[in-house]
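Visitor: Put together the whole structure using the sequences plus the hints.
Chains A and B, in that order, are what the protein sequence lines are. Note that the numbering used here has the first sequence beginning at 1, numbered continuously upward. Note that the numbering used here has the second sequence beginning at 62, numbered continuously upward.
Treat the hints with care, as some may be off.
Residues from chain B that keep clear of chain A, each with C-beta distances beyond 10 Å, as calculated [said to hold, decoys possible]: (1) Arg-94; (2) Glu-126; (3) Arg-134; (4) Arg-193; (5) Val-248; (6) Gln-472; (7) Leu-541; (8) Leu-543; (9) Glu-654; (10) Asp-665; (11) Arg-674; (12) Arg-774.
To be clear about the criterion: a stretch of chain B counts as covered by chain A if any three or more of its residues have a C-beta under 8 Å from a C-beta of chain A, and this derived list gives those stretches [said to hold, decoys possible]: (13) 272–285; (14) 732–743; (15) 757–770; (16) 776–782.
Calculated from the structure, these hints are not laboratory results. Note that the Cβ used here is the ideal one computed from N, Cα and C, for glycine as well.
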Amino acid sequence: MNPKNPDPGPAKTPPEKKDATKGARQTAPEDAKPPAPKPFVFKIVRADPKNSIDFEDVADK
Amino acid sequence: MRIALVNPPQAHFTQPLLALPSLAAYLRAKGLRDVHVFDASIESYDEFLSGPRLLRSVERVRAGEGLASLESRERLRYSEMERYQALSEIELVGDEVAASIDEAKRVLRTPELFYGYERYLRAGRTVEQALRLFSAEYAPTRLAAHGFVMRGQIESSNDVLRAIGDERENPYVEWLRESFLPRLAAVDPDVVGLSVTFGSQAIPALTLAKQIKAWKPECHVTLGGGLLAYVGRKLSKRPELWSVIDSMILLEGERPLHELCESLAERRDLGKVPNLIYRDASGEVRATPEAQPLDIKTLPTPEFDGLPLGLYLSPEPVLPLAITRGCYWGKCVFCTLYTVIGPGYRGRSIEQTVEDVRTLKERHSTRHFYMVIEDLPPNMAKALPRAILDAGLDIDWWCDARLEHDVFDRQVCEDLAASGCKRIAFGYESASRRVLDRMCKGIDPARSLELVRRVHDAGISVTLYVMVGFPTETRDEARLTLDTILANRDAIQEVSVRVFYLDETSEIFRRAREFDIAEIYPNPDADLQVYYDFKTSSGMSRREARDAYLDFTRALRSHFPVFQNTNLLYHELKSHYFLYLAKWGTFDRLRAEVLERQVSGAGDRPRRRPALRERALRFDRAEIDERLAAIQSGHLRPRYQTDLVTDEERARFDREIAPLAASPCVLAYDPSSGEVQALSPAAADLLARCDGDRSAEQIVEIVPAEHRDDARRCIDQLASAGLLETSPTPSIVR
Numbered sequence: 001m002n003p004k005n006p007d008p009g010p011a012k013t014p015p016e017k018k019d020a021t022k023g024a025r026q027t028a029p030e031d032a033k034p035p036a037p038k039p040f041v042f043k044i045v046r047a048d049p050k051n052s053i054d055f056e057d058v059a060d061k
Numbered sequence: 062m063r064i065a066l067v068n069p070p071q072a073h074f075t076q077p078l079l080a081l082p083s084l085a086a087y088l089r090a091k092g093l094r095d096v097h098v099f100d101a102s103i104e105s106y107d108e109f110l111s112g113p114r115l116l117r118s119v120e121r122v123r124a125g126e127g128l129a130s131l132e133s134r135e136r137l138r139y140s141e142m143e144r145y146q147a148l149s150e151i152e153l154v155g156d157e158v159a160a161s162i163d164e165a166k167r168v169l170r171t172p173e174l175f176y177g178y179e180r181y182l183r184a185g186r187t188v189e190q191a192l193r194l195f196s197a198e199y200a201p202t203r204l205a206a207h208g209f210v211m212r213g214q215i216e217s218s219n220d221v222l223r224a225i226g227d228e229r230e231n232p233y234v235e236w237l238r239e240s241f242l243p244r245l246a247a248v249d250p251d252v253v254g255l256s257v258t259f260g261s262q263a264i265p266a267l268t269l270a271k272q273i274k275a276w277k278p279e280c281h282v283t284l285g286g287g288l289l290a291y292v293g294r295k296l297s298k299r300p301e302l303w304s305v306i307d308s309m310i311l312l313e314g315e316r317p318l319h320e321l322c323e324s325l326a327e328r329r330d331l332g333k334v335p336n337l338i339y340r341d342a343s344g345e346v347r348a349t350p351e352a353q354p355l356d357i358k359t360l361p362t363p364e365f366d367g368l369p370l371g372l373y374l375s376p377e378p379v380l381p382l383a384i385t386r387g388c389y390w391g392k393c394v395f396c397t398l399y400t401v402i403g404p405g406y407r408g409r410s411i412e413q414t415v416e417d418v419r420t421l422k423e424r425h426s427t428r429h430f431y432m433v434i435e436d437l438p439p440n441m442a443k444a445l446p447r448a449i450l451d452a453g454l455d456i457d458w459w460c461d462a463r464l465e466h467d468v469f470d471r472q473v474c475e476d477l478a479a480s481g482c483k484r485i486a487f488g489y490e491s492a493s494r495r496v497l498d499r500m501c502k503g504i505d506p507a508r509s510l511e512l513v514r515r516v517h518d519a520g521i522s523v524t525l526y527v528m529v530g531f532p533t534e535t536r537d538e539a540r541l542t543l544d545t546i547l548a549n550r551d552a553i554q555e556v557s558v559r560v561f562y563l564d565e566t567s568e569i570f571r572r573a574r575e576f577d578i579a580e581i582y583p584n585p586d587a588d589l590q591v592y593y594d595f596k597t598s599s600g601m602s603r604r605e606a607r608d609a610y611l612d613f614t615r616a617l618r619s620h621f622p623v624f625q626n627t628n629l630l631y632h633e634l635k636s637h638y639f640l641y642l643a644k645w646g647t648f649d650r651l652r653a654e655v656l657e658r659q660v661s662g663a664g665d666r667p668r669r670r671p672a673l674r675e676r677a678l679r680f681d682r683a684e685i686d687e688r689l690a691a692i693q694s695g696h697l698r699p700r701y702q703t704d705l706v707t708d709e710e711r712a713r714f715d716r717e718i719a720p721l722a723a724s725p726c727v728l729a730y731d732p733s734s735g736e737v738q739a740l741s742p743a744a745a746d747l748l749a750r751c752d753g754d755r756s757a758e759q760i761v762e763i764v765p766a767e768h769r770d771d772a773r774r775c776i777d778q779l780a781s782a783g784l785l786e787t788s789p790t791p792s793i794v795r
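Guide: What follows is the structure in structure tokens.
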């Protein structure tokens with residue numbers, strides 16, 4: 001019933017524009033699997049649709 | 062005369078409310094012995110949150126089909142993002158949630174399991190996911206731990222009355238008819254009292270009332286409870302209402318309910334029953350005069366017998382007990398409670414309170430109590446702890462209190478702690494003396510902090526209520542409050558912050574001009590409106606107040622352990638924080654041993670958890686979550702109003718907000734923790750390469766040298782997120 005309190009969320013990593021596929025191939029070990037997908041944005045975010053806390057509820061009755 | 066008292070859905074599921082036990086005890090003491098109590102709220106939660114019922118939701122929602130349809134699009138509009146968010150989760154976790162919900166309830170109800178923090182968190186997540194799954198069956202309706210909202214607004218009697226027959230979007234229509242009404246009918250009551258404390262109960266209560274009248278038209282249905290103090294008179298003006306109820310009781314219910322039952326039994330005119338709105342034989346709606354509230358020293362101990370105490374989602378009951386009613390201060394201009402409780406301040410004696418506690422402790426085998434009071438009065442603060450100790454009660458308890466600088470001295474604080482007081486919530490509101498004076502709080506902010514420190518030093522968890530956006534408050538004053546709280550955060554454990562709302566029952570509403578409130582905006586569609594939007598000629602605008610509120614929430618997340626990481630779950634589940642405090646004794650121990658617990662690091666040869674479930678998505682769920690949260694933050698919605706986006710707003714967002722382009726991600730679910738993570742493709746790729754054979758260094762060699770630091774950090778994050786198997790190398794969760 002309370003106003004939503006949005007999660008500020010983690011800082012976004014800007015998308016990588018540079019094509020680094022070639023470099024990946026050059027540096028990968030021989031037994032490596034295929035190169036990592038581009039762009040090299042490594043992002044892990046908890047996927048919680050509520051994703052926020054109603055701070056009014058903290059000690060509400 | 063057979064009487065049934067019902068707590069309608071939706072109220073919180075961790076502990077019972079006090080209304081029915083108080084009323085039942087009073088009626089029985091007056092000789093009306095045939096009184097039956099039902100908590101339809103916890104009963105409905107228990108059924109909705111069950112494996113078979115959730116499997117039905119999975120089948121009805123058909124998330125796979127809906128998701129496939131959305132995945133076929135190039136872009137998603139706002140309303141499609143909403144559906145995508147819900148369906149992507151259900152598609153990934155729905156069947157597992159249905160399979161594990163009964164175990165989750167068992168964990169929350171079993172002491173040996175509840176206090177194992179990892180299991181507790183897993184159970185809490187499962188309950189949250191289950192509520193979203195269940196809600197999706199009735200979209201856009203949303204049932205959560207803290208609320209029940211449907212399309213429309215409950216300030217509109219049109220919307221409320223429309224909802225009570227809406228079987229498609231109101232889950233209680235079917236449940237009440239199929240599950241609850243048959244059990245109520247088995248009692249065959251002559252009078253049914255529905256206690257409505259929260260706005261979230263309004264629609265389910267009237268849904269039930271309608272079904273009772275259809276089943277047994279001669280049964281007298283009366284509506285009571287705290288909400289009616291705000292909206293009862295307005296609601297009584299709707300003629301349609303009187304086809305589903307027979308009367309309404311305003312303010313405290315004991316005496317009016319007793320006299321109503323007596324009058325009905327003896328077929329007397331209801332005009333002599335105090336605090337009553339009813340329709341007489343001619344069809345005219347009448348309101349009777351208000352009686353003086355009862356001296357609560359004359360009331361019996363509440364009787365929780367008959368309530369299904371084993372169904373609440375807590376390992377042992379936390380019983381509410383009102384040792385006072387009303388507020389002894391009663392001057393704060395923003396507050397309405399001292400006008401709608403009673404009105405008038407009254408207290409039990411110390412001896413009665415000790416006996417109440419002893420009786421309830423023995424009767425229900427619990428040692429946990431929540432004193433449901435506006436503020437602990439000075440005499441009680443001084444004398445109750447000693448009385449509890451002298452009586453050897455051995456309990457844990459918590460309550461609200463005023464920042465009484467001269468009362469909470471070191472000795473009182475130590476006595477409170479020794480008596481089992483684990484948590485006190487104080488109305489701090491602001492660090493600005495000017496703002497506090499305008500509120501008529503009667504407290505000194507500097508001395509308040511000294512008091513807070515004494516309470517904390519005694520080993521009691523401190524919660525502060527804070528308000529931003531009080532009329533005339535400036536941005537600098539709000540900032541001062543935040544800075545002061547942050548500077549003293551070692552002594553403050555929780556902060557409950559809210560934006561000021563203009564309530565028509567408050568003193569400030571009546572004296573609006575004195576507080577530079579230049580304009581008040583009634584909503585013409587909301588005949589049950591309680592809170593009003595407004596504009597001031599000084600201080601922050603409403604938008605600025607909202608921004609200040611968001612600054613607060615960000616700072617709390619950053620600096621307070623109880624709000625960090627997954628520790629949020631504590632607060633979503635109410636009394637669980639108190640129970641954990643009681644278990645660990647003090648907040649400092651709780652923080653060290655639970656909140657800032659150690660987790661395992663990635664280890665030398667990281668390995669993806671074999672049980673993980675993954676689902677590649679065409680659209681970025683993290684981006685969708687962020688966008689949807691940002692939209693909601695743009696709305697300033699007072700309590701009692703739904704936080705759902707209205708149909709009109711949704712249509713506008715669909716038109717005005719740029720649609721989201723496809724951008725792949727991977728959703729990963731760990732059944733052992735219940736957590737779902739959204740991974741960028743590069744992060745998901747690293748996870749896939751964590752096979753337990755290669756070292757982290759060998760894994761990151763796959764990416765160009767300039768990105769390897771990011772990749773190393775990503776592997777650590779994968780470990781922190783629980784996606785990798787644990788290793789002996791510990792690290793602290795931050």
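Visitor: With reference to the structure, classify each hint as holding or not holding.
Guide: Status of the hints after comparison with the structure:
1. Chain A leaves Arg-94 (chain B) outside its interface by the beta-carbon criterion, the shortest separation being 30 Å against a cut-off of 10 Å.
2. At roughly 20 Å from the closest C-beta of chain A, the C-beta of Glu-126 (chain B) stays outside 10 Å, upholding its exclusion from the interface.
3. Its beta-carbon lying about 20 Å from the closest one in chain A, Arg-134 (chain B) satisfies the requirement of being farther than 10 Å from that chain.
4. With a cut of 10 Å on Cβ distances, Arg-193 (chain B) falls inside the contact zone with chain A, its closest approach being about 6 Å.
5. The claim that Val-248 (chain B) lies off the interface holds: its Cβ sits roughly 29 Å from the closest Cβ of chain A, which is beyond the 10 Å cut-off.
6. No beta-carbon of chain A is positioned within 10 Å of the beta-carbon of Gln-472 (chain B); the least distance is around 25 Å.
7. At the 10 Å boundary, the C-beta of Leu-541 (chain B) stays outside the reach of chain A, the nearest C-beta of that chain being 19 Å off.
8. The claim that Leu-543 (chain B) is not at the interface with chain A holds, since no C-beta of that chain comes within 10 Å of its own (minimum 13 Å).
9. The beta carbon of Glu-654 (chain B) sits about 21 Å from the closest Cβ of chain A, which is more than 10 Å, so the claim that it is off the interface holds.
10. Every C-beta of chain A lies more than 10 Å from that of Asp-665 (chain B), the closest at about 17 Å, which supports listing it as non-interface.
11. Every CB of chain A is more than 10 Å from the CB of Arg-674 (chain B) (nearest about 13 Å), matching its label as outside the interface.
12. Residue placement check: Arg-774 (chain B) does not keep its beta carbon more than 10 Å from all beta carbons of chain A (closest about 7 Å).
13. Requiring three or more residues with a Cβ within less than 8 Å of a Cβ of chain A, the coverage given for the segment 272–285 of chain B is violated, as only 0 such residues are present.
14. With 8 residues carrying a beta carbon less than 8 Å from a beta carbon of chain A, the segment 732–743 of chain B meets the three-residue requirement, and the given coverage holds.
15. Residues of the segment 757–770 of chain B with a Cβ under 8 Å from some Cβ of chain A number 8, which satisfies the need for three, so the listed coverage holds.
16. With 3 residues carrying a beta carbon less than 8 Å from a beta carbon of chain A, the segment 776–782 of chain B meets the three-residue requirement, and the given coverage holds.
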